[in-house]
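S.K.: Sequences and hints are given; from them, build the entire structure.
Chains as they are written, first to last, in numbering that gives the first Met the number 0: chain A, 0 to 316; chain B, 0 to 293.
By construction, these hints were calculated from the structure, which means they are not laboratory data. Small disclaimer: the values here were computed from a predicted structure and weren't measured. One should not assume that every hint holds.
Under the rule of at most 30 Å between Cα atoms (straight-line distance), these lysine-lysine pairs were calculated in the BS3-like manner [stated by the list, open to error]:
1) Lys174(B) x Lys102(A)
2) Lys174(B) x Lys89(B)
3) Lys165(B) x Lys89(B)
4) Lys93(B) x Lys174(B)
5) Lys102(A) x Lys300(A)
6) Lys147(A) x Lys73(A)
7) Lys102(A) x Lys93(B)
8) Lys89(B) x Lys115(B)
9) Lys300(A) x Lys165(B)
Example chain B residues on the side facing chain A (calculated, C-beta under 7 Å, incomplete) [as the list claims (entries may be wrong)]:
10) His97
11) Leu270
12) Ile280
13) Val281
Ideal Cβ placement from N, Cα and C applies to all residues, glycine included.
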Amino acid sequence: MKNKYLFPAALFLLAVVLPFIVPEFWVHVLTEILIMGLFAASFNMIFGYMGQLTFGHAAYYGVGAYTTGLLIVKANVPLLVCLPLSMLSAGLCAAVLGYFCVKLRGIYFAILTMAFGQLVYYIIFQWYTFTGGDNGLQGIVPPAFLGKAANPYYFFTLIVVTLGMIALWIISASPFGYTMRAIRDNAERTEFIGINIQRYMHLNFIIAAMFAGLAGALWGPFNRSVAPDLCNWHHSGMPVFMTVMGGPSNFLGPLVGSAIYTMLMAFVTSFTEYWPMVSGIVIIVVVLVMPGGLLGLLGEKLPFLRQNEGNAKETKG
Amino acid sequence: MDITSIFTQFLSGLTYGTILFLVAAGLSLIFGVMNILNFAHAALWLMGAYFSYTFWNLMQEYSFAFWLSIPLAGFAAAAVGWFLEVVLIKRIYKRELHEQLLITYSIALILSDTIKLTWGVTNKLIVRPEMLRKPVFIFGSPLDSYFILVILSGAAVAIGLWWFLKYTRYGHIVKAAVYSREMVAALGIPIPRIYTWVFTLGIFLAGFAGGIQAPIGSITLGMDNAIIIQAFCVVVIGGFGSLLGTLVGSLIVGEVMSFTILFWPEGAMVLIFVITAAILIVRPWGLFGTPMRT
Numbered sequence: 000m001k002n003k004y005l006f007p008a009a010l011f012l013l014a015v016v017l018p019f020i021v022p023e024f025w026v027h028v029l030t031e032i033l034i035m036g037l038f039a040a041s042f043n044m045i046f047g048y049m050g051q052l053t054f055g056h057a058a059y060y061g062v063g064a065y066t067t068g069l070l071i072v073k074a075n076v077p078l079l080v081c082l083p084l085s086m087l088s089a090g091l092c093a094a095v096l097g098y099f100c101v102k103l104r105g106i107y108f109a110i111l112t113m114a115f116g117q118l119v120y121y122i123i124f125q126w127y128t129f130t131g132g133d134n135g136l137q138g139i140v141p142p143a144f145l146g147k148a149a150n151p152y153y154f155f156t157l158i159v160v161t162l163g164m165i166a167l168w169i170i171s172a173s174p175f176g177y178t179m180r181a182i183r184d185n186a187e188r189t190e191f192i193g194i195n196i197q198r199y200m201h202l203n204f205i206i207a208a209m210f211a212g213l214a215g216a217l218w219g220p221f222n223r224s225v226a227p228d229l230c231n232w233h234h235s236g237m238p239v240f241m242t243v244m245g246g247p248s249n250f251l252g253p254l255v256g257s258a259i260y261t262m263l264m265a266f267v268t269s270f271t272e273y274w275p276m277v278s279g280i281v282i283i284v285v286v287l288v289m290p291g292g293l294l295g296l297l298g299e300k301l302p303f304l305r306q307n308e309g310n311a312k313e314t315k316g
Numbered sequence: 000m001d002i003t004s005i006f007t008q009f010l011s012g013l014t015y016g017t018i019l020f021l022v023a024a025g026l027s028l029i030f031g032v033m034n035i036l037n038f039a040h041a042a043l044w045l046m047g048a049y050f051s052y053t054f055w056n057l058m059q060e061y062s063f064a065f066w067l068s069i070p071l072a073g074f075a076a077a078a079v080g081w082f083l084e085v086v087l088i089k090r091i092y093k094r095e096l097h098e099q100l101l102i103t104y105s106i107a108l109i110l111s112d113t114i115k116l117t118w119g120v121t122n123k124l125i126v127r128p129e130m131l132r133k134p135v136f137i138f139g140s141p142l143d144s145y146f147i148l149v150i151l152s153g154a155a156v157a158i159g160l161w162w163f164l165k166y167t168r169y170g171h172i173v174k175a176a177v178y179s180r181e182m183v184a185a186l187g188i189p190i191p192r193i194y195t196w197v198f199t200l201g202i203f204l205a206g207f208a209g210g211i212q213a214p215i216g217s218i219t220l221g222m223d224n225a226i227i228i229q230a231f232c233v234v235v236i237g238g239f240g241s242l243l244g245t246l247v248g249s250l251i252v253g254e255v256m257s258f259t260i261l262f263w264p265e266g267a268m269v270l271i272f273v274i275t276a277a278i279l280i281v282r283p284w285g286l287f288g289t290p291m292r293t
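M.R.: Printed below as a string of structure tokens:
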């Protein structure tokens, strides 16, 4: 059981060492990988562990990003205070919207999450006086102690994302996490043993949204601005690709997927503007050739990557 | 607000609703029969608009160019749709929901860039024939005369589709497939071939709608982004696989957009999503749909 922690530890070490080796441009890419990785991991709480596809997760990411953005720009609140507040606001949104989403399953869940996501997007997009509308918010600077260089903010992100991932790991490995897996595998039977599945799903939805909000909160100071596009459905598609690329049945799959996707994007966009086409082809190939994602594929060959949870998704039938 | 301006607003909502109906009818048909939510639908709609521009451009010296380019756009888009179905979509009918969505979403990304590569980034404009340039007056309220053509062709397509589903053998097969694919297959009907043709028909409608849309304004990249979401809303409101539902849904969305823009322009899209979400919560299968098999 010890080598269960080998892979995450190796990844963490790599994340600590890399910024000292690679040029500054790639440190920015690494920061983005971490932020999007946390976003994708929070998405996977709903997708991988609860078995529902959400196509509106960017709404909570965006709410988190705007909470931090507004607090910094309008009230000059310290970033460390903004982060928990962003989680809170994203969680509150999810508490309201998620209440309705968890009544539905499958395609209807996907469409309702998407409709709510677009609802949030259009509210942010149109509310010029408060959110700046399609101009977004500019001048979101990271706190002075992080300086202007790429590395300090990268390490700050690394710490926050690592803590976030550990929290998600603890939740997914807790009795609550196993209840989610039970609901995913057979909701009916789970209900029969006396579990209020809707309440559990709602709670999980809120948790996932809170961590998406945390990821969004990290984005503003990194990018120095936020725009309404962060909430729209194209942005909701990104954690879906990342998770499918990395492998939804592995806890670190979304993070690995984020690394592949973000690096590929940084690489491809450096010589062509046709990134959407390239990404489309890549996604088609991934879905058709390796449905379990990279870690799913490697897991068959390298057992140490596999997590001891019986990967019940495969046995769903 | 006087009665004439209400009427004008109603007609412009009706026009927009007609375009939405043409796009959403194919989307609803494809979802109803194959359970595939086609994210690429609006990209094919936009491709239809560009096709019609190209055909119109090629035949410009003939007077029939304008009229012929619209159905030709439908057929050209249908050819692309047929190719996509045979090469790609066919492989994902039995896959899981997220894989289907990712594939059709990827197709949308690829098509959008293909359009950009083929037709460039400059806007395209189709010049209407003389008779469609002036406004007509209906009960004293001015209306773009082309809008009449849009509404009439939408009505023609609605009637044609209704006739097809109600009176032809293939229409019956399609309707039966919406209820139970297993039963249809058990009767010895080649389901894969039906799927291919339903998909092609759906894309034909999208391409035709693109052709109809093209002369309204200029054709621009990214036009498809807004309409795909609205078409989803139409299909959700009306119910997947229901022709009548799609018609009612698109008129609701068209009119709500048209009237909200008058007194609360920022809220138009917000209101559409509120309606969509409310329908999903209360009646997930839509106003005229039937509860889905799972």
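S.K.: Could you run down the list of hints and mark each one as holding or not?
M.R.: Here's how the hints hold up against the structure:
1. Lys174(B) x Lys102(A): With Cα atoms ~29 Å apart, Lys174(B) and Lys102(A) stay inside 30 Å; holds.
2. Lys174(B) x Lys89(B): Holds - the C-alpha atoms of Lys89(B) and Lys174(B) are around 20 Å apart, at most 30 Å.
3. Lys165(B) x Lys89(B): With Cα atoms ~27 Å apart, Lys165(B) and Lys89(B) stay inside 30 Å; holds.
4. Lys93(B) x Lys174(B): Status holds; Cα separation ~20 Å.
5. Lys102(A) x Lys300(A): Violated: Lys102(A) and Lys300(A) sit about 39 Å apart, past 30 Å.
6. Lys147(A) x Lys73(A): 21 Å, holds
7. Lys102(A) x Lys93(B): Distance ~25 Å between Lys102(A) and Lys93(B) Cα, so the pair holds.
8. Lys89(B) x Lys115(B): 26 Å, holds
9. Lys300(A) x Lys165(B): 55 Å, violated
10. His97: With a closest approach of 5 Å, the His97(B) hint holds.
11. Leu270: Nearest chain A Cβ about 9 Å off; hint violated.
12. Ile280: Interface hint status for Ile280(B): holds (5 Å vs cutoff 7 Å).
13. Val281: 10 Å, violated
Going through the hint list in order, the structure does not satisfy hints 5, 9, 11 and 13.
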